[in-house]
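Engineer: Here the protein sequences line up with chains Z and V, keeping their order.
Numbered per my numbering, the first sequence spans residues 1 to 330.
Numbered per my numbering, the second sequence spans residues 1 to 290.
Since the hints were made in silico from the structure, they are not lab data.
Keep in mind that this is a model prediction, so the values were computed, not measured.
Fair warning: there could be bad hints in the mix.
Distance windows between CB atoms, simulated [claimed, not checked]: (1) Z/E306 to V/S95: 17 to 27 angstroms; (2) V/D137 to Z/L102: 20 to 30 angstroms; (3) Z/K303 to V/S95: 14 to 24 angstroms.
Pulled a few chain V residues facing chain Z out of the computed Cβ check, cut under 10 angstroms [to be verified]: (4) A97; (5) F272; (6) L281.
Every residue gets a Cβ at the ideal spot worked out from N, C-alpha and C, and that includes glycine.
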Amino acid sequence: MNRVQLKNKNLYLPVLILILLVLLAVLPAYLSVYHILLLCHIFMYIILTVSWVIFSGPTGYISLASAAFFGVGVYTAAMLGYALSLPLVILSAGLISVLLALLVGAITLRLKGIYFTIFTFGLVQLLAHSLLWWEINILGIRGRFVVVVDHYTIYYTVFTIFVVLMLTAYLIRRSRYGLALRSIGEYEEAAAHMGVNVTMLKIVAFAVSAFFMGTIGAIMATNWTYVDPFIAFNPTISFMPVLMAIFGGMGQLYGPIIGATVFTYLEEILITRLPHLYMLIFGAAMIAAILYLPGGLVGLIEKWREKARSSPCFFKKKQKRGAEKRDVNA
Amino acid sequence: MIVESINILISAMLMGGIYALIAVGLSLQYGVARVFNISHGEFIMLGAFITWSLYTIFNINPLLSLVISGPLIFLAGFVLHKTLYRSIYVSSGGSTAVFEGNSMLASFGLLFIIQNLAIMLWGADIKGYSFLAYTLDLGGFVFPANRIVALFFAIAISVAFYLFLGRTRLGKAIRAAAQDAAAAELMGVNIKQVLALCFGFGTLMAGLAGVLLSMSFPINPLMGLDYTLIAIIVVVLGGLGSIPGSFVGGFILGLIGSIVSAIEPGLVMVAFYLIFMILLLVKPAGILGR
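Model the full assembly from the supplied sequences, consistent with the hints where possible.
Structural biologist: Here it is in structure tokens:
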């Protein structure tokens, strides 16, 4: 009896996800250009947030380097866009971000807590200012044009990155590496004593998250046509994933997706008409989420489900059955 | 050559005094209240804009504004710690690491709130006013008068605060709380009050620095983050939580800034971040850190 139930439960979710993915894959054919680009925008933040959670979620190291990796992707697209084909550009954007992450990870991940956060934030600023200086004083230009790609290509590229990322995040979570990463977040010294290669693991997780941030930067740049260092290395890109992840909750994979979707949609409605109000809400939501939603929306949903499960009026039969079984076991 | 070096040194002093004042505030907030306040620069911006409003609307002398906007901003910081950061402390379950992370993220939220309220209130344009805008000639060297006045007040405020920390009962309580908050509480220090006061003093320093800055620099509602970053660099340079360190760090950064800008003005921020990052890697405790 129990086993059948388990099997059903296992089948139910993948089928639902598959239907959703198929829907998302055929959706662009029925949408206007505006809505396709809106979806791309939502996917962009989902990808940034989920990649951020891959590293910062389990380990507890708050990284503000997202904008650095994203910016590297943007600039790779701007520099190589005319020379290479799109898949190659995106792949190299990811790989350059990985290189940067390996370098930064190797030298900074021994920094604890707040120092690591400040360092990653400084990194974004350093890259932006250096690049700007290099462009103006050495190259004599400011900013550059990016090769333009049609919106269907953008959509399907973003969609592909999303699917690969979710698969990666899922596999990391349920693997022993995911467990080891969580153990680092719980108690790093203890994890090291238990034989977890702490430094290696942190650097690899950091690099994996950087890869996806780089690729999404490269594809989104093609949508902007013109970029300069302050557009590419925009600190907001670092803050957004943090808020979206906190708001959505990091306990489950769908948490960051909910958080990113809610805020991107809110941004879309408000930013053209009331941009300052949007940023105000953004700030207030961040504080409210920290104060009142310790597990994010996911935490709220889980709590609610827990309540539903244990409340006596629902599932009365199931509880009884459980009780009988306990008697038999005893 | 000598004239050039002296000019560099003087402009280093002029900026360094303000940097030091800003950094002392941030250092106090992190060193004692354990709040890494990313919204620190927003209080500088508030100080500058309150002064600007008082000067352009009521024609109140910016130096008089020190005693008007100062207490207002102090109160804002004090209340903020009593409400927001106290709640975060409670919800963090007493863990310092969790509290530091959460309060830092909350201060990011605060940054966005204050900044956008200011834009709604004052508009996003660059503003400025002219006050003591003439030059002083001291033995062949020419300085803008308003920056000399700003430097004088920056040093006077920092020294006064340092004396307050060293000589008064409350100063002693603050130093005790910085060393070990739990032990200080056991010794009869009203820790909640002291931490809130420290946060208030931090915002007070920022507000006063904002008043002084507005006398010689153009201001806009987005200026805060740049000063926050400079304050962070100075604080790390001097040692997180060390007040004399912040003071020394401010002048060192002022010196670096004026040397680099004499050679290549476009590279000042690059130099700041480079030094900052190297320092974080080599000696994260800072030059005067514990």
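Engineer: Indicate, hint by hint, whether the structure satisfies it.
Structural biologist: Results for each hint:
In this structure, Z/E306 and V/S95 meet the distance hint of 17 to 27 angstroms, their C-beta atoms being roughly 24 angstroms apart. A hinted range of 20 to 30 angstroms for the beta carbons of V/D137 and Z/L102 is inconsistent with their spacing of about 56 angstroms. Z/K303 and V/S95 have their C-beta atoms about 21 angstroms apart, which keeps the hinted 14 to 24 angstroms range intact. Among the interface hints, the one on V/A97 holds; its C-beta lies about 6 angstroms from the nearest C-beta in chain Z, closer than the 10 angstroms criterion.
Of the supplied interface hints, the one on V/F272 holds, with its beta-carbon coming within about 9 angstroms of a beta-carbon of chain Z, less than 10 angstroms. Satisfaction of the interface hint for V/L281 is found here, the shortest Cβ-Cβ separation to chain Z being roughly 6 angstroms, below the 10 angstroms cut-off.
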